[in-house]
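K.L.:
Chains as they are written, first to last, in the numbering used here: chain X, 1 to 501; chain P, 1 to 150; chain F, 1 to 112.
For the record, the hints were derived by calculation from the structure and aren't laboratory data. The structure displayed is predicted, hence computed values, not measured ones. Even glycine gets a Cβ: it sits at the ideal position worked out from N, Cα and C. Check the hints yourself; a few may be wrong.
Stated by the list, open to error - Not the full set, but computed from the structure, chain X residues with beta-carbon under 7 Å of chain P:
hint	residue
1	17
2	20
3	23
4	24
5	495
As the list claims (entries may be wrong) - Below, in silico cross-link-like pairs of lysine-lysine (DSSO-like), each with a Cα-Cα straight-line distance of 30 Å or less:
hint	chain 1	residue 1	chain 2	residue 2
6	P	72	X	30
7	P	143	F	106
8	F	26	P	143
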Amino acid sequence: MTAANNILPLFIITSLAGAFLTSLVGKRVKWFPDVMGSLTTFVLFGLSLSAIWLTNIHGTLVYSVGAWKPPFGIAMVLDSLTVFMLVTVNLVAFCVAIYSINYMEKFTSKWKFYTLFLLMLAGMNGVIITGDMFNLYVFLEIASVASYALVAFGTEKFELEAAFKYAIMGTLGSLFTLLGIVFLYSYTSTLNMADMATVLAEKGLKNIGLMVSVLFIMGFGLKAALVPFHAWLPDAHPSAPAPISAMLSGVLIKSLGVYSLCRIFYSVIGITSTFSSILMFLGALSMVIGVFLAIGQWDFKRLLAYHSISQIGYVILGIGLGTPLGILGGLFHLFNHSIFKSLLFLNSGAVEYATGTRDLQKMGGLAQKMPVTGTTSLIASMSIAGIPPFNGFWSKLIIIIAAVQAGRYGYAFWAVLASLLTLASFTKVMKYAFMGNLREKWNQIKEVPFFMKLSMGVLAFICVVGGVLGLHSVREVFLQLATKTILEGVKYAEIVFQSLQ
Amino acid sequence: MSKEHEQGMSLIVKTITRLTVGLILLYGIYIISHGHISPGGGFAGGVIIALSFVHLMLAYGKDTALRKFPKKAISFVESTGAILFLSIAILGLTGGYFFLNFVSKGQPFRLFSAGIIPLCNIAISLKVGAGLFAIFVALVLLKLNSEKKE
Amino acid sequence: MTVYFLCLVLFSLGVYCILRKRNVIKIIVGVIIAEYAVNLFFILVAYRMNGRAPIFSRKAEIVNMVDPLPQALVLTSIVIGLAATALLVAIAMRIYEKYGTFDITKIRELRG
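Taking the hints into account, I'd like the entire structure generated from these sequences.
P.N.:
This is how it looks when you write it as structure tokens:
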């Protein structure tokens, strides 16, 4: 048991070591940041794949940092939901790191980019893996502050304004989270998540449960860009450089926002029907408002950012339903959205690399000159719109069926409507950007360099075969276990204490 | 004599600074090394060390301060502090656990006790001190560059 | 009880500053005030009646002490707040360079 446990700190050690070594050596040796970035993310991806295998054999793994046993020390917990999120985050990070080898040539000081990128990745991995409330806050802040700096990376006018808005709202969200943690600590006198779940189950929730839940919905909802806390997203995600937009929209809002909400509401506080309804209502609101605001957009990346809000609404709707099928659909859609939204942002980055513009009305017929970008963009658009047999269709179908089965016909109707409007919006994107006639000023553009093509190709391949994750036999290994972990609810505490023995 | 007085503050401030800067640095080192016995520790001591360099820069002007602690040295010290902290944590793995307190813990209330905590304090103070001074230098140089362009 | 209430009043003052002030620097000061209020609240939660400072030394006896854990956590939180504030100030200085003003009603290039 002890030998398998040692994998847990390796996630944090690898990413932090990569970030610090890049900041030390990177400015003197030219090729070091690229190699370190790709190598670190590759090692992390390999570790997360082996973690799937380890949890299937051993069950939940718990690691006590510094040999202090919980509840006195910090614990790191690796259960199936953790493994699921780790695979998603590290896969997207690996593809983005490879993409940045070519894309960031246009910016100065690549080593600063890779240091901040690896720090953000360390923060995200830490949030997913930790089993201690204040440790969650610390890693949340590491990832957030690194992302504020990354959004402002190019220091153009609009990037600075977007970064300022994002930083102020993000800091405010983190302060609400900290206030919630303070209230919970004063009520339960412990910081360990499993211990807190036990104490809350004994003492009962009373009024403080309501206040803490509202504070956490505000704090983590702001990180996850739920409507009405979404106002920073349409400015921050387009202004960042394209690989960072892919990371922000693809994994940051999910691991800091949605995963933390799941962990706290299902495993620590215990879900009640009031909060199910609130989550479902906010999810449906995000779905509809996101897609209505996206229809009138002509800036490629701003349109993609509004669609992020809408798709996160789907995920929260699925998770808020509380039924096993609903949670399965929500988690499946989370994985799929990471893949195809990152692919879409990388495509927009490729278009900007080749043509220098993001305005859809100025583009046209780019698919003739850039075949790889055009094909992958077509695959990603069909995924997000929910066309079979790509992976977006299966997850949306599961969410809609779960809503109908639970008797929430209204929510199912809004989900179908939002899906149709997404299809319309992406038909517009494909028509204006890639199909149609080529304008004269784009006659000289070429396809993007090799590494960018490679990472886009890998993500598109996963889009095509991703539907297979919904198949029964594959589901047992990956998604169903994650769903079961959420459904265990407050039995999380017993599982953690059992694994300690 | 006249070249020295073009930058920085008046003669009185410069004389007092020459006397106190060393004492401030020494006080910072005292707080760091006694971090496991009395309040303070790595972060507070690091801030005081950064403050001594900031004091030097305020009183004498940026050229003198940057000659004492050049910009390349600042980033090197900062990264070294971070890597030192991470390697102390990784060395705990030899005892079996990440971050394990593996150095011998002497008797309580002595200076050489409590395992890895004084080493961690030193690493943190390097990073925090260099980091704060780097933030100060970056903001001041940004303002000076933007003023020079106008 | 009134002490906790006053801490939360300070927090809402900070949030009011963020929401209503027009100068970028005043918004940053609002963030600092709100952060300070949350840290203060955290330490006040740890107080025990008639407790003394939680420091061991050779001569003192072990009597009622206040809770030392939030004091360590607040130290971490102050450092995090410092990092976020330093980043905000650096962004604000560069905004002044590019836009020429600190008024947020005039910094509205991103619309739609």
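K.L.:
A separate judgement is required for each hint: does it hold in the structure or not?
P.N.:
Results of checking the hints against the structure:
1. 17: 6 Å, holds
2. 20: 4 Å, holds
3. 23: 5 Å, holds
4. 24: 4 Å, holds
5. 495: 21 Å, violated
6. P:72 - X:30: Holds, at roughly 17 Å.
7. P:143 - F:106: 22 Å, holds
8. F:26 - P:143: It holds: about 19 Å lies between the C-alpha atoms, which stays within 30 Å.
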